[in-house]
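Participant: If you read the sequences in order, they're chains A and B.
This note's numbering applies: residue -7 is where the first sequence begins, and numbers increase by one.
This note's numbering applies: residue -7 is where the second sequence begins, and numbers increase by one.
A hint or two may mislead.
Because identical chains cannot be distinguished in the list, a pair is counted as satisfied if it fits within a single copy or across any two copies.
[To be verified] Simulated crosslink set (DSSO-like; lysine-lysine; CA at most 30 Å straight-line): (1) Lys168 with Lys68; (2) Lys68 with Lys137; (3) Lys178 with Lys205; (4) Lys(-2) with Lys184; (5) Lys(-2) with Lys178.
Treat the hints as calculated values from the structure; they're not laboratory data.
Protein chains: 2
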Amino acid sequence: MPELRKDPVIGRWVIISAERGRRPSSYSSVTRVSDAAMCPFCPGNESATPSEILAYRTPESEPNQPGWRIRVIPNKYPALIVEGDLNREPMGMYDRMNGIGAHEVIIETPEHGRDMVDMTDEEVRDVLWVYRERMADLERDIRFKYILVFKNHGEAAGASLEHSHSQLIATPIIPKRVDEKVAGAKRYYQFKERCIFCDIVHQEINDQERIVKDFDAFISFEPFAPRFPFETCIIPKTHQSSFLEMSDWEYLTLARCLRDTLIRLKLALNNPPFNYILCTRPTSPEYHELFHWHIEVIPKLTRVAGFEWGSGFYINPTLPEEAAAFLRGIEIERYGEIKHPRASGEDG
Amino acid sequence: MPELRKDPVIGRWVIISAERGRRPSSYSSVTRVSDAAMCPFCPGNESATPSEILAYRTPESEPNQPGWRIRVIPNKYPALIVEGDLNREPMGMYDRMNGIGAHEVIIETPEHGRDMVDMTDEEVRDVLWVYRERMADLERDIRFKYILVFKNHGEAAGASLEHSHSQLIATPIIPKRVDEKVAGAKRYYQFKERCIFCDIVHQEINDQERIVKDFDAFISFEPFAPRFPFETCIIPKTHQSSFLEMSDWEYLTLARCLRDTLIRLKLALNNPPFNYILCTRPTSPEYHELFHWHIEVIPKLTRVAGFEWGSGFYINPTLPEEAAAFLRGIEIERYGEIKHPRASGEDG
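The shape of chain A in the complex, shown without the other chains (with noise of 0.2 Å):
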């Protein structure tokens, strides 16, 4: 079983997950899978995967056969594992419990090849409602604290499948970096009386230098103190504390945007990797006035070294202002032309 070990300076928990299957002599080799034919995520390759969890599917097909538009299975290398309890337990001064959560892998699409910019708003905003009906359902599991999404896209960004997925991991635990989060909206909560993430978004507005794009309800923006180079959020406009709070309409309005983003970067940056992030508030609803869901968007540009690992200190060689004046000069409009010609035979 995984186990979760806790930092005794810091007080960081770590996932030890042996199980993951790395040897002390195996990191000079990691297997890939870029041909279709041999890929788990592939229709017809549903019995190479764990059984579904959820599925959007054509009403006559049945489970774990081909007919899926999106198909949610639990990760057949799980970071933590679902059965068991939690068993909080000292060792010496240090301090480990179970490994014990959720580790979901998202299939976006059946067509291998097929990358969120390819799709339609449409199916972008059904792969998000999918994200709010596994986040809904973990959240009524008391043992979780925290449902994390996120999506690695490309190899040096961690995936190490081709094939379009997210992924999903619940915690018995607030992550650090959601912790600190939280702290600091709570500081200014008890300072300002108001939300952080709300004026920030005031600000951005009043700005306008880092916004990319104004939506109805949401904007794009680079943030003003960004660790990496084109790092680019994306928030409601109004105060929501979670991704659930959304209306139905909304999720539309959001993936709108969030396709957006994701072709601004590929067109600007030569489809670079990149990683995104759904940073929702922690399942508690007590967090409800200091926590404001976003999305941070990370393409992969520079290496992170010594340095960074040490201190914690990021050196950013690319001024938000400039990075948001030059995705707001891509031409979106012409994606669909240039880089997407099959998208013209399809009818949805």
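Starting from the structure of chain A, add chain B where the hints point.
Facilitator: For chain B alone, kept in the frame of chain A given last:
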């Protein structure tokens, strides 16, 4: 001028250093020099670097000419610059200050292609003495709250030049990760009235299972909750808050311990890219009782992906006890014969 900007929520400072020359269009190609004839760190090419700050050189040789064994120069593309005032100021709800600091490069050897593992213990000690000398000098500048020394080895670990070198960055703020360590050590001290690092050393020596090697005054060990596989820590057994507190002879023992660690990692993991980071206390002596300096050595074996960036929560696929046993089993005595045939023809 570079600037420092503060993330309003988390409170992390970021260096925005547009002078380092990464325009939006420049992310597709990175220039790397692996040809010794073109290497700015090789003897004979001294004019390709800024003027040296310090060098250990033969008595008859001239500054910025060949004849040096170790050479310290300002970074040609500094993340922070020495001249100017701090000028902390608001930008609406945000905070910024001038990017004041120092950014130096320590060229560890005149020989291109010679790594720290190929050096003698005395040569590595001399590098450590140079660290000490530069740190002591910069500590006298009251604008600097922290001095971070680190090494990036290998392209994947962020080294842009192959020739063996380390870097030093002096910063006008205490970097976030150091601040977290100080805060954690302080909580522990208030509770126990003991240094948390001293207690860790005590438990590690008792447990033995995570120890890699026990030297006279230092141990190398795998931390209980490491973020990365084969992350290794070197720490003095008795309390020393700063790297500058060692007696002269202790630097030689430390050099042996550091070389031992680097050779084990090289043999165990097939010459991996790595970073090491010297974690010493902040420049102010007020941290003397709380802090305990150490070196973190991090081989770069896994990719850091969306989950880690988003959560600050790391998945480590190797048990530290297993990594320690593997490293203990490396036959380090044979390193000279196997990997360093040229050593036999040298006299020191």
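Participant: Hint by hint, say whether it matches the structure.
Facilitator: The hints, checked one at a time:
no.: 1; hint: Lys168 with Lys68; result: within (25 Å within a copy, 36 Å between copies)
no.: 2; hint: Lys68 with Lys137; result: within (23 Å within a copy, 47 Å between copies)
no.: 3; hint: Lys178 with Lys205; result: within (28 Å within a copy, 44 Å between copies)
no.: 4; hint: Lys(-2) with Lys184; result: between (33 Å within a copy, 18 Å between copies)
no.: 5; hint: Lys(-2) with Lys178; result: both (24 Å within a copy, 17 Å between copies)
Hint compliance for this structure: no hint is broken.
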